[in-house]
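There are 2 protein chains.
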Amino acid sequence: MKKLSVLHNTFFIERTYPKPPAKVFAFFSDPVKKRRWLGGDDVGFEVLAFEPNFKVDQYERWQYRFQGGLLMRTDICYQDIVPDHRIVFIYTMTFGDKRASSSQVTVELTANGSGTLLRHTEQGAFFDGTEPPEGREQGTGGLLDLLGKLLEEAP
Amino acid sequence: MKKLSVLHNTFFIERTYPKPPAKVFAFFSDPVKKRRWLGGDDVGFEVLAFEPNFKVDQYERWQYRFQGGLLMRTDICYQDIVPDHRIVFIYTMTFGDKRASSSQVTVELTANGSGTLLRHTEQGAFFDGTEPPEGREQGTGGLLDLLGKLLEEAP
Chain R
0 MKKLSVLHNT FFIERTYPKP PAKVFAFFSD PVKKRRWLGG DDVGFEVLAF
50 EPNFKVDQYE RWQYRFQGGL LMRTDICYQD IVPDHRIVFI YTMTFGDKRA
100 SSSQVTVELT ANGSGTLLRH TEQGAFFDGT EPPEGREQGT GGLLDLLGKL
150 LEEAP
Chain B
0 MKKLSVLHNT FFIERTYPKP PAKVFAFFSD PVKKRRWLGG DDVGFEVLAF
50 EPNFKVDQYE RWQYRFQGGL LMRTDICYQD IVPDHRIVFI YTMTFGDKRA
100 SSSQVTVELT ANGSGTLLRH TEQGAFFDGT EPPEGREQGT GGLLDLLGKL
150 LEEAP
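Chains R and B supply the protein sequences, listed in that same order.
Taking numbering that gives the first Met the number 0, I'd label the letters of the first sequence as residues 0 to 154.
Taking numbering that gives the first Met the number 0, I'd label the letters of the second sequence as residues 0 to 154.
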């Protein structure tokens with residue numbers, strides 16, 4: 000067995016968006032918007048399955064691959080949802096049959112003039128060197144930037 | 000609505016035990032041992048329900064109260080299990096109908112001579128001032144001390 004290890008890493012990202020919290024929240028709660036955001040052409044993964052399930056204590060599941068590579072899974076389980084205000088979830092990433100990481104995420108939305116301040120706190124555990132933690136913060140920042148772009152395009 | 004807030008808090012606790020990792024792991028995996036440890040007289044809660052379910056992606060649920068007080072729930076969901084080595088889970092605490100916190104825990108067990116080094120890392124999010132984060136580390140330390148006592152008594 001490869002040597003077991005766990006690296007813990009917490010990061011915090013803020014973004015401001017020109018749309019109100021309900022419009023931002025919709026990208027988490029509405030499966031069509033979420034699919035467009037996290038599984039669309041901008042992200043570049045081939046989505047093989049998406050089972051939305053935005054409810055506390057329930058699992059939402061993605062399966063995807065990148066350029067014909069390894070099957071990857073993201074399994075999301077919601078811990079707390081306060082509509083238009085707060086979403087707390089855990090998500091695991093699995094590469095092939097290897098659980099790579101498990102992270103707890105808190106998304107807080109607050110009205111900021113006519114827009115929204117989004118605060119993303121991610122408390123991660125990375126297993127056995129499968130994935131370096133450093134890339135996660137950068138990747139998440141990119142997804143939050145993409146959310147801003149989609150919000151600007153939205154009616 | 001009470002003002003929403005989230006406090007994030009991470010703590011790390013180590014304990015050494017005189018029994019090997021398999022004996023320590025059994026207190027997480029064996030429902031009878033777990034019930035004795037976390038729901039026994041030493042802890043002092045009245046356990047109203049315990050639904051063990053030590054499997055990845057599955058929920059294990061406790062309901063209890065303290066001296067006739069508010070109904071409390073702990074819901075545990077396992078993210079990664081490597082027998083005798085590692086357990087990763089999320090757990091939420093709910094007081095009445097109020098979600099108070101959600102935490103990701105990593106328990107790492109390594110052989111230490113004829114005994115075990117246990118490392119507990121807890122990455123918590125505490126909601127709306129329902130529970131101060133400071134007590135959690137102290138409470139967890141007490142439970143890990145109790146585990147040591149039960150391990151010494153075990154055959």
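It cannot be assumed that every hint is accurate.
Which copy is meant is left open, because identical chains are indistinguishable; a pair holds if it fits in one copy or across any two.
[Stated by the list, open to error] In the DSS-like style, the derived pairs of lysine-lysine whose C-alpha atoms are separated by at most 30 Å in a straight line are:
no., residue 1, residue 2
1, 2, 54
2, 2, 33
3, 2, 18
4, 148, 97
5, 32, 2
6, 22, 97
7, 54, 33
8, 97, 33
9, 2, 22
10, 32, 18
11, 32, 54
Everything labelled a hint here was simulated from the structure, so no lab data went into it.
Self-check item: Homomeric proximity label, residue 97 with residue 33: Cα distance no greater than 30 Å
Solution: Answer is both: 25 Å inside a copy and 28 Å across each meet the 30 Å cutoff.
Quiz item: Within a copy, between copies, both or neither: where do residue 148 and residue 97 come within 30 Å Cα-Cα?
Solution: Classified as neither; 33 Å inside a copy, 35 Å across copies.
Practice problem: State whether the alpha carbon distance between residue 2 and residue 54 is at most 30 Å within one copy, between copies, both, or neither. | Solution: between (36 Å within a copy, 22 Å between copies)
Quiz item: What label fits residue 2 with residue 18 when the C-alpha limit is 30 Å: within, between, both, or neither?
Solution: between (47 Å within a copy, 22 Å between copies)
Quiz item: Given identical chains, is residue 22 near residue 97, meaning Cα to Cα at most 30 Å, within a copy, between copies, both, or neither?
Solution: Intra 36 Å, inter 26 Å, cutoff 30 Å: inter-copy only.
Quiz item: Taking 30 Å as the upper bound on the Cα-Cα distance, should residue 32 and residue 2 be classified as within, between, both, or neither?
Solution: between (40 Å within a copy, 28 Å between copies)
Exercise. State whether the alpha carbon distance between residue 2 and residue 33 is at most 30 Å within one copy, between copies, both, or neither.
Key: For residue 2 and residue 33, the Cα distance is within 30 Å only across copies (28 Å; inside one copy 37 Å).
Exercise. Have a look at residue 54 and residue 33 and pick one of within, between, both or neither, based on CA distance no larger than 30 Å.
Key: Classified as both: same-chain Cα gap 14 Å, cross-chain 29 Å, threshold 30 Å.
Quiz item: Can you tell me if residue 2 and residue 22 fall within 30 Å by alpha carbon in one copy, between copies, both or neither?
Solution: between (45 Å within a copy, 21 Å between copies)
Exercise. Measure nothing new, just compare the shortest in-copy and cross-copy C-alpha distances for residue 32 and residue 54 to 30 Å and report within, between, both or neither.
Key: within (16 Å within a copy, 32 Å between copies)
Exercise. Evaluate residue 32 and residue 18 at a C-alpha cut-off of 30 Å and name the case that applies: within, between, both or neither.
Key: This pair counts as within: shortest intra-copy Cα distance 15 Å, inter-copy 52 Å.
Violated hint for the displayed structure: number 4, the only one.
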